[in-house]
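The whole structure should be built from the sequences, with the hints applied where relevant.
There are 2 protein chains.
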Amino acid sequence: MLKNRFMKRTNEEKKLLQALGNNIRKAREARGISQEQFAMKAGFSRSYFTEIETGKRNISILNFMKILKGLDASPSDIIDFLKK
Amino acid sequence: MLKNRFMKRTNEEKKLLQALGNNIRKAREARGISQEQFAMKAGFSRSYFTEIETGKRNISILNFMKILKGLDASPSDIIDFLKK
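First to last, the sequence lines map onto chains A and B.
Count along the first sequence from 1, add 836, and you get the number used in this note's numbering.
Count along the second sequence from 1, add 836, and you get the number used in this note's numbering.
The hints are simulated quantities; they were obtained by calculation from the structure and are not laboratory data.
Don't take each hint at face value.
Put simply, identical chains are the same to the list, so a pair is met inside one copy or across any two.
[To be verified] Restricting the straight-line Cα-Cα distance to at most 20 Å, the calculated cross-link-like pairs of lysine to aspartate or glutamate (DMTMM-like) are:
1) Lys905 to Glu848
2) Lys892 to Asp908
3) Lys905 to Glu865
4) Lys877 to Glu848
5) Lys844 to Asp913
Here it is as structure tokens:
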């Protein structure tokens, strides 16, 4: 089960992570918070959070919840691209 | 950043994962699909999926999306316990 960040992802998975990162960035910017401020607030390093926003990280659901809490956003705000 | 499944989780994290697993189980049962059927459909092993439903796994966001897709559920259906 061990996976590392260099594991091959399908193109669809890459797109999903990029769409997710984009929505996180948009929600953060709409709230007028810098990456650095938000990373600190949510308990991430700045570099890790940058990788989340650029879609390079397949984050865990607990970290996803931390982000929602930090943004005071609902799940659908961030993964609305899943809607049909 | 390497983490394994035996990593200590806080009580709050355990509760979040249990609530998530519960909602996944309820949504699956409401659709009349067995654990085994659903695991196969979504591309998980049965034992891994059982651990998700019992809140033992901190799944990745990509696996969470696979579950939503498999259940044809919206993100808020499954993590509605985050709402205030």
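Going down the list of hints, with the structure as the test:
Taking the closest pair of Cα atoms, Lys905 and Glu848 come within 20 Å of each other only across two copies (13 Å); inside a single copy the shortest separation is 27 Å, beyond that limit. In this assembly of identical chains, the alpha carbons of Lys892 and Asp908 never lie at most 20 Å apart, being 23 Å within a copy and 26 Å across copies at closest. For the homomeric pair Lys905 and Glu865, the shortest alpha-carbon distance inside one copy (15 Å) is at most 20 Å, but the shortest distance between copies (28 Å) is not. In this homomeric assembly, Lys877 and Glu848 come within 20 Å of each other (Cα to Cα) only across copies, at 18 Å, whereas the closest approach inside a single copy is 31 Å.
Proximity of Lys844 and Asp913 under a CA criterion of 20 Å is satisfied in neither setting, with 28 Å inside one chain copy and 30 Å between copies.
Comparing the model with each earlier hint shows violations of hints 2, 5; every other hint is respected.
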